[in-house]
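Could you build the full structure based on these sequences and the hints that come with them?
Each chain, written out:
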Amino acid sequence: MQLQLRGVSHAYDNTTVLQDIELKVEAGRILCLVGPSGCGKSTLLRLMGGLERPSSGSIRLLGDSPADCLNPLTYVFQDFALLPWRSVEENISLVLEDHALATPRRQQIIDDVLQRTRMADFRHALPRQLSGGMKQRVAIARALAVNPAVLLMDEPLSALDSQTRELLLDDLVQLWTNEPFTGVYVTHNLSEAVRLGHDIVVLSRRPGRIFKTVSIDQPLNERGQNSQALEQVRRQLWQMMRDEAQQAERELLSS
Amino acid sequence: MTPDRNATTARSSNGHGEIVSPDAAGHSGEIDVPFRGGGFSPKPVRGVAILIFAALLLGIEWGSRQGYISNLTLPRPSDVFATFQQLWSSGLLWKHLLPSLSRLLIGSLFGITAGVAIGILIGLFSLVRAGLVPLVAALFPIPKIALLPLFVIWFGIDEASKYALIAFGTFTPTVVATYAAVDSVDRTLVRMGQSFGLGWFSIVRKIIVPGAMPGILSGLRVSLAIAIILLVAAEMLGAEYGIGAYILEAGSLYDLERLFAGVVILSVLGVVISSAIGWIERRMLVWRS
Numbered sequence: 020m021q022l023q024l025r026g027v028s029h030a031y032d033n034t035t036v037l038q039d040i041e042l043k044v045e046a047g048r049i050l051c052l053v054g055p056s057g058c059g060k061s062t063l064l065r066l067m068g069g070l071e072r073p074s075s076g077s078i079r080l081l082g083d084s085p086a087d088c089l090n091p092l093t094y095v096f097q098d099f100a101l102l103p104w105r106s107v108e109e110n111i112s113l114v115l116e117d118h119a120l121a122t123p124r125r126q127q128i129i130d131d132v133l134q135r136t137r138m139a140d141f142r143h144a145l146p147r148q149l150s151g152g153m154k155q156r157v158a159i160a161r162a163l164a165v166n167p168a169v170l171l172m173d174e175p176l177s178a179l180d181s182q183t184r185e186l187l188l189d190d191l192v193q194l195w196t197n198e199p200f201t202g203v204y205v206t207h208n209l210s211e212a213v214r215l216g217h218d219i220v221v222l223s224r225r226p227g228r229i230f231k232t233v234s235i236d237q238p239l240n241e242r243g244q245n246s247q248a249l250e251q252v253r254r255q256l257w258q259m260m261r262d263e264a265q266q267a268e269r270e271l272l273s274s
Numbered sequence: 006m007t008p009d010r011n012a013t014t015a016r017s018s019n020g021h022g023e024i025v026s027p028d029a030a031g032h033s034g035e036i037d038v039p040f041r042g043g044g045f046s047p048k049p050v051r052g053v054a055i056l057i058f059a060a061l062l063l064g065i066e067w068g069s070r071q072g073y074i075s076n077l078t079l080p081r082p083s084d085v086f087a088t089f090q091q092l093w094s095s096g097l098l099w100k101h102l103l104p105s106l107s108r109l110l111i112g113s114l115f116g117i118t119a120g121v122a123i124g125i126l127i128g129l130f131s132l133v134r135a136g137l138v139p140l141v142a143a144l145f146p147i148p149k150i151a152l153l154p155l156f157v158i159w160f161g162i163d164e165a166s167k168y169a170l171i172a173f174g175t176f177t178p179t180v181v182a183t184y185a186a187v188d189s190v191d192r193t194l195v196r197m198g199q200s201f202g203l204g205w206f207s208i209v210r211k212i213i214v215p216g217a218m219p220g221i222l223s224g225l226r227v228s229l230a231i232a233i234i235l236l237v238a239a240e241m242l243g244a245e246y247g248i249g250a251y252i253l254e255a256g257s258l259y260d261l262e263r264l265f266a267g268v269v270i271l272s273v274l275g276v277v278i279s280s281a282i283g284w285i286e287r288r289m290l291v292w293r294s
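Line by line, the protein sequences are chains G and Z. Position 175 of the first sequence, counted from 1, bears residue number 194 in the numbering used here, the numbering being contiguous throughout. Position 34 of the second sequence, counted from 1, bears residue number 39 in the numbering used here, the numbering being contiguous throughout.
What the hints contain is simulated information worked out from the structure, not anything from laboratory work. Each residue gets a CB set at the ideal place from its N, CA and C atoms; glycine is no exception. Careful: at least some of the hints might be erroneous.
To be verified - To give a feel for the contact side, a few chain Z residues facing chain G, derived at Cβ under 8 Å:
#	residue
1	T193
2	L194
3	R196
4	M197
5	Q199
6	S200
7	F201
8	G202
9	L203
10	S207
11	K211
12	I212
13	P215
14	A230
15	W292
Below you can see the structure in the form of structure tokens.
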């Protein structure tokens, strides 16, 4: 399943945040959105998944969704968005309850995603007992439970410390290697982008336009942490972004 | 990491590993690091409350036996206790307590149910909010006791007016607490629900209502405290049986033992209700950190 954006522009009140975005999210590849603060990457992600309507332009889903797909466009949020009063198991069950699934089938899905994210031992724990990394694993498990066509990830590792970030990056690479999925990954961290992205789209500062698209051909599980080529790409991206980021840093958030 | 024994820094370490700082005159003295933290974190001290209660009661008992406190000022605690025993054995306790409890229960059931329902509607629908919030704001400051004559005219002198008064009195604080609680539910949880395709009713049932529970339960404490006050007031103004009626009768006869017996019953009622809500909170809000 592909996601196609044509001429997408968006404005809040009198501020244009996105201008003329033309984008195609290819099936089975991860697209990283990077750019300076306030360039509209999170807004673009919300538009892609239908949580907001674009002021102009079109966002279309092309092709067939995978078998057993319960929710084609699924999010993973920066602040986990777990229900604090439900256990890990019940949080995953939440997104399955409204679909007509027999209880054994639902249980099977829950067991499967907990296994894949290595959270099976914590199925009865409450979110307040979990560390940030564990909570995000539960959120990823919840997203996988609905067998999404496109996984929309909004800075999923930003709220975690850098050690946990490394571990979870490895986990995401492993997940994709075992079962490739289509993903859009918004981040301000260029190291994450070069680790995970098949295609990296650099946005300019507000109003966000597509500055450049960079593709990396190296398979995800071969991108070790000390790769010279990757470091070079990262530096290239930062050079592109640096001036924009500097100027964005000197702007007030609101007038 | 071995310490650098040859460094000529202002601080040095002696053989025991203590950091040794020079004093103001620049000589190397040797003191323990003074403790500057601690405090500002009250801890429960067991038994003090009971001790103070007992001391107070014993003090009053002794004072009235010695004649320092006349029994027109304060009754002897042992006399009040004897009155209790009389109430219990003659069955009069239940004759007064049961009507009071039933009025409290039925009245607050109506008021709280209506309050929570309307509070949720206000929290979810802009039209309802715009229409009802000013109305509730106008009703809130009215002392409900002042409305009792109106309720008697509408509902009669019998039980219905008392149910209505208590219902009305518990309604307004419950509505306010409920819609504030609904507003305070983290909106990102709602967006998450929408992003997974949850329907409107599912989101209300599974995300909004459980999320608003802490606020609703704390509003319950306020409502029930108000309910007890209204109960006593309504009974004083027009009831034959009930704790309020009992207290009024005792007061008019200047029977301080019976009056205090009634007051103690009210106090126990308040403590029981507060503990019950606390128990419900602990069970339902296990998930809070």
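Against the structure, the hints:
Interface restraint check: T193(Z) against chain G, minimum CB-CB distance 5 Å, threshold 8 Å, status holds. Because the closest C-beta pair between L194(Z) and chain G is about 6 Å apart, less than 8 Å, the hint holds. Hint status for R196(Z): holds, given a least beta-carbon distance of 6 Å to chain G, under 8 Å. With its C-beta approaching chain G no nearer than about 4 Å, M197(Z) sits inside the 8 Å limit, and its interface hint holds.
Because the beta carbon of Q199(Z) sits about 7 Å from the nearest beta carbon in chain G, less than 8 Å, this interface hint is met. The restraint placing S200(Z) at the interface with chain G holds, with a minimum CB-CB distance near 4 Å, inside the 8 Å limit. A hinted interface residue such as F201(Z) counts as satisfied when its beta carbon comes closer than 8 Å to some beta carbon of chain G; here the least separation is about 4 Å, so the hint holds. For G202(Z), the interface hint holds, since its Cβ comes within 8 Å of a Cβ in chain G; the closest pair sits about 5 Å apart.
Because the smallest distance between the Cβ of L203(Z) and any Cβ of chain G comes to about 6 Å, under 8 Å, the interface hint for this residue holds. Interface restraint check: S207(Z) against chain G, minimum CB-CB distance 6 Å, threshold 8 Å, status holds. The interface hint given for K211(Z) holds, since its Cβ lies 7 Å from the closest Cβ of chain G, which is under the 8 Å cut-off. Evaluation of the I212(Z) hint against chain G yields a held restraint, the C-beta minimum of about 7 Å falling below 8 Å.
Because the closest C-beta pair between P215(Z) and chain G is about 5 Å apart, less than 8 Å, the hint holds. Here the hint on A230(Z) is broken, as its CB sits about 26 Å from the closest CB of chain G, past 8 Å. With its C-beta approaching chain G no nearer than about 4 Å, W292(Z) sits inside the 8 Å limit, and its interface hint holds.
Violated hints amount to a single one, hint 14; each of the other numbered hints is respected by the structure.
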